[in-house]
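The whole structure should be built from the sequences, with the hints applied where relevant.
So the sequence lines, in the order shown, correspond to chains Z and W.
When the first sequence is numbered by our numbering, its final residue is 157 and no position is left out of the sequence of numbers.
When the second sequence is numbered by our numbering, its final residue is 936 and no position is left out of the sequence of numbers.
The hints are all genuine.
Calculated pairs, DSS-like style, for lysine-lysine (alpha carbon to alpha carbon, straight line, at most 27 Å):
1) W:629 with W:592
2) Z:89 with W:418
3) Z:69 with W:468
4) W:788 with W:933
5) W:861 with W:457
6) W:629 with W:498
7) W:411 with Z:89
8) W:861 with W:924
9) W:498 with W:457
10) W:303 with Z:89
11) W:468 with W:498
12) Z:147 with W:779
13) W:457 with W:629
14) Z:147 with W:418
15) W:405 with W:385
16) W:779 with W:890
Honestly, the hints are just simulated from the structure, not real lab data.
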Amino acid sequence: MAFTININGSGHSVDVDGDTPLLWVLRDVLGMTGTKFGCGAALCGACTVHIDGVATRSCITPIDSIEKAAVTTIEAIGATASGAGIQKAWLDHEVVQCGYCQSGQIMSASALLASNPHPTDADIDDAMSGNICRCGTYVRIREAIKLAAQSTTNGG
Amino acid sequence: MNLDRAHADPDDTNLSRRGFLASAAMAGGGLLLSLALPFGRSEAAGSTDFAPNAFIRIGSDGQVVLTMPYVEMGQGTYTSVPMLIAEELEVKLRQVRLEHAPPNEKLYANPLLGVQATGNSNAMRGGWKPLREAGASARIMLVTAAARRWRVDPTSCRAQDGEVIHDATGRHIKYGDVAAEAAQIPVPERVTLKRPEDFKLIGTPAKRLDAPGKVNGTVTYGIDARPAGVKIATLAQSPVFGGRLKSLEDSEAKAVKGVRQIVRLDDAVAVVADHMGAAKKGLAALKIEWDDGPHAALSTAQIAGQLEQATFGPGTVAQNSGDADKALAGAVTKVEAMYQLPFLAHATMEPMNCTVHVRKDACEIWIGSQAVARVQAMAAKAAGLPPEKVIVHNHLIGGGFGRRLEADGAVRAVEIAKHVDGPVKVVWTREEDIQHGMYRPYWFDRIAAGLDAQGRPVAWKNRFAGPSVIARWLPPAFKDGLDPDSTEGAIDLVYEMPNFHVEFVRVEPPGIPTAFWRSVGPSHNVFVTESFVDELASAARQDAVAYRRMLLDRNPRARAVLDLVAEKSGWGQPLPKGSGRGVALQYVFGSYLAQVAEVEVSSEGNVRVRRVVCAMDCGTVVNPDTVQAQLQSGVIFGATAALYGEITLKNGRVEQSNFDTYQMLRMDQAPVIDVHIVKSAEPPGGMGETGTSLIVPAIANAIFAATSKRLRKMPVDSNSLKQPA
Ligand code: FES
Ligand code: FES
Chain Z
2 MAFTININGS
12 GHSVDVDGDT
22 PLLWVLRDVL
32 GMTGTKFGCG
42 AALCGACTVH
52 IDGVATRSCI
62 TPIDSIEKAA
72 VTTIEAIGAT
82 ASGAGIQKAW
92 LDHEVVQCGY
102 CQSGQIMSAS
112 ALLASNPHPT
122 DADIDDAMSG
132 NICRCGTYVR
142 IREAIKLAAQ
152 STTNGG
Chain W
212 MNLDRAHADP
222 DDTNLSRRGF
232 LASAAMAGGG
242 LLLSLALPFG
252 RSEAAGSTDF
262 APNAFIRIGS
272 DGQVVLTMPY
282 VEMGQGTYTS
292 VPMLIAEELE
302 VKLRQVRLEH
312 APPNEKLYAN
322 PLLGVQATGN
332 SNAMRGGWKP
342 LREAGASARI
352 MLVTAAARRW
362 RVDPTSCRAQ
372 DGEVIHDATG
382 RHIKYGDVAA
392 EAAQIPVPER
402 VTLKRPEDFK
412 LIGTPAKRLD
422 APGKVNGTVT
432 YGIDARPAGV
442 KIATLAQSPV
452 FGGRLKSLED
462 SEAKAVKGVR
472 QIVRLDDAVA
482 VVADHMGAAK
492 KGLAALKIEW
502 DDGPHAALST
512 AQIAGQLEQA
522 TFGPGTVAQN
532 SGDADKALAG
542 AVTKVEAMYQ
552 LPFLAHATME
562 PMNCTVHVRK
572 DACEIWIGSQ
582 AVARVQAMAA
592 KAAGLPPEKV
602 IVHNHLIGGG
612 FGRRLEADGA
622 VRAVEIAKHV
632 DGPVKVVWTR
642 EEDIQHGMYR
652 PYWFDRIAAG
662 LDAQGRPVAW
672 KNRFAGPSVI
682 ARWLPPAFKD
692 GLDPDSTEGA
702 IDLVYEMPNF
712 HVEFVRVEPP
722 GIPTAFWRSV
732 GPSHNVFVTE
742 SFVDELASAA
752 RQDAVAYRRM
762 LLDRNPRARA
772 VLDLVAEKSG
782 WGQPLPKGSG
792 RGVALQYVFG
802 SYLAQVAEVE
812 VSSEGNVRVR
822 RVVCAMDCGT
832 VVNPDTVQAQ
842 LQSGVIFGAT
852 AALYGEITLK
862 NGRVEQSNFD
872 TYQMLRMDQA
882 PVIDVHIVKS
892 AEPPGGMGET
902 GTSLIVPAIA
912 NAIFAATSKR
922 LRKMPVDSNS
932 LKQPA
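Right under this line is the structure:
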């Protein structure tokens with residue numbers, strides 16, 4: 002069945018089963034490979050996107066549940082204030098190693114900052130514990146989120 | 212793993228300079244330097260034939276491009292390697308770009324591994340001297356070329372920021388503009404390298420060159436490859452290793468929208484579809500029956516039992532000095548223990564995948580690999596083609612840790628692609644990735660030591676049983692019952708140990724493949740030796756740091772990191788009840804590392820690692836930021852294994868399947884990690900793996916300090932730490 006979804010501000014029509022997870026529509030049908038596959042079961046956070054600004058695991062989000070909602074992916078998160086701030090802090094703090102989990106980390110972190118400009122350590126734990134980093138960049142992710150929180154005066 | 216103990220120090224190469232560098236003009240005007248990195252294996256080191264395996268190109272645009280065999284998998288190699296060249300060449304780091312080498316086992320052999328592979332923490336160790344020499348040679352040639360053009364004495368010119376400058380006349384010229392002329396200048400016979408105090412780049416924190424594309428989703432990993440017309444496949448392999456496909460009912464799967472084809476292999480089934488969603492849905496709709504084969508009843512307990520038996524020996528003597536049996540018999544105190552380590556999966560964040568297009572007389576592969584030449588050779592065999600007909604496009608790696616030194620995923624993808632018209636990307640589900648891995652071996656150790664009246668060790672006897680990954684992966688390196696990986700960290704201890712005896716019993720477990728895993732041999736041996744030294748300290752009723760220190764009179768570098776870690780961790784200062792500090796010390800991969808872990812054990816037996824302090828002497832530090840990042844990374848990786856890591860078999864099947872049953876350390880459990888680096892002018896040691904092997908005994912020793920319970924088997928068993936209500 003055909004669905005039209007709004008991704009990063011533009012409409013895309015795809016003809017897939019309604020239960021197809023958004024992740025595969027992004028990666029395989031539309032060729033937007035910045036969003037990553039890690040577990041397929043909402044256990045790792047690699048596939049995180051924003052749906053109407055809320056960090057969401059695209060691997061368990063069926064395409065027929067999205068309707069008119071706005072999907073934002075790593076490819077466009079730099080256009081939001083919190084996303085740009087997070088990306089900059091990630092580079093300033095040299096967070097990435099293999100980098101594979103980082104799309105998801107950045108999507109989770111930017112959603113956190115957008116809704117909570119000055120997160121505590123516990124807020125960071127809550128928002129980020131769903132994102133696994135096998136390279137163990139957690140120490141720097143925490144520091145980078147704090148750095149980004151400091152440099153955004155009102156959280157963007 | 213030190214595959215070449217006899218040639219461990221890359222500074223010791225006896226290659227003549229003439230045999231190491233050659234130059235040529237590049238098409239389009241530029242300088243091309245070919246360089247032959249010294250081989251680790253003695254046969255190759257003795258050869259005088261010039262066989263270049265790395266290339267530096269300086270184009271007329273001034274861009275410096277290095278082609279070499281090391282691959283970036285998160286460890287910062289793409290930044291550190293260019294630093295070595297940029298330092299001597301006098302260019303900005305951004306001016307140097309690193310390219311993946313195409314597969315060629317002969318040309319791109321890694322100097323320490325002797326084969327084309329990135330592993331064993333070896334990029335900096337192998338490239339340290341030759342890459343700086345190459346940079347210096349190129350600089351001299353560029354300066355000479357500029358001086359000739361200006362008709363001045365080359366010694367009156369200097370190089371800076373990618374330019375040759377003649378101060379007397381104020382003239383300057385960009386490298387790119389003299390590169391073609393420099394290609395006509397003979398390669399200098401000898402070069403003098405900068406003294407460490409003159410380094411401008413080496414030793415300064417450098418920004419990672421690969422980072423920007425990793426924060427905006429634009430870089431491509433193997434799994435992101437999308438050759439035109441590619442289909443997506445996912446697969447189910449026999450749940451028992453060695454089993455076969457018995458029957459298959461696929462009508463429902465074929466009816467799934469987007470499913471194109473079902474591929475049956477002897478021991479696997481794949482569903483080919485337009486996208487992974489359809490492929491997975493199709494796979495779930497298959498009705499598969501397996502013939503489980505000879506390992507249908509296999510369990511981990513059986514394997515452990517077999518290994519335990521083997522530790523009664525005899526094994527192959529890996530190291531012997533004095534007479535351990537005699538000294539043990541005469542010792543005042545005798546300490547004995549058995550240790551066990553579990554199978555572990557790599558669980559790289561990027562699941563196994565490989566894209567293949569098999570044509571009639573050629574095959575094209577898109578993959579992220581730590582060992583491209585191996586992929587090429589094994590894929591060629593599977594495709595029934597000569598290796599030169601297999602083109603491999605290598606990509607960034609979403610975590611390697613040893614898993615991507617293997618080519619099983621490429622072979623599987625070729626087997627499937629042979630049945631598919633056009634390119635197909637085979638993506639393993641996480642469940643498949645964990646249940647059909649190649650695992651860190653299970654190890655069983657029987658160890659004993661004798662102490663004198665003062666508590667000093669007078670005898671040490673260790674016999675351990677497990678497989679030899681090397682014997683499969685690099686057969687010539689397995690000699691006379693031994694390989695250099697299985698024993699690293701068990702022999703050549705940092706401590707003074709008279710009457711020292713170590714034996715290895717090679718036992719290949721049935722029904723489960725084993726492989727290198729981050730920190731390889733030491734991931735096993737360092738846990739055992741550093742836990743056991745801790746047991747000796749406790750039997751001698753001495754402080755764990757003071758006891759180790761007493762045995763380090765002849766090892767100042769080891770003592771220095773131990774002292775530093777004790778100071779920085781506040782060793783000896785009181786902690787609340789239920790908390791404890793554990794220390795561990797190692798010399799592996801050419802680096803000295805000491806760690807103190809601070810843990811908190813709840814009354815339910817849950818262990819929380821609060822803080823880890825590391826003191827590192829890894830010789831000359833090329834990029835301190837990378838050293839810190841790699842230690843943080845290694846500690847998290849090892850702590851994950853210590854707290855949760857375990858692959859178990861039941862009825863021949865791996866019981867774990869995804870991150871719910873094979874858990875990872877997460878943000879809320881991550882310790883604070885402090886890294887302190889000891890300044891050193893020694894050649895660089897490895898560091899990508901060091902943190903991993905050491906943190907496991909550091910945690911176990913900390914748990915002992917907190918609870919008086921000695922854990923001799925990993926992972927931590929919370930039940931055994933529960934306090935009686
Ligand atoms: S892939 Fe979606 S949470 Fe792991
Ligand atoms: S950077 Fe490699 S998994 Fe996070």
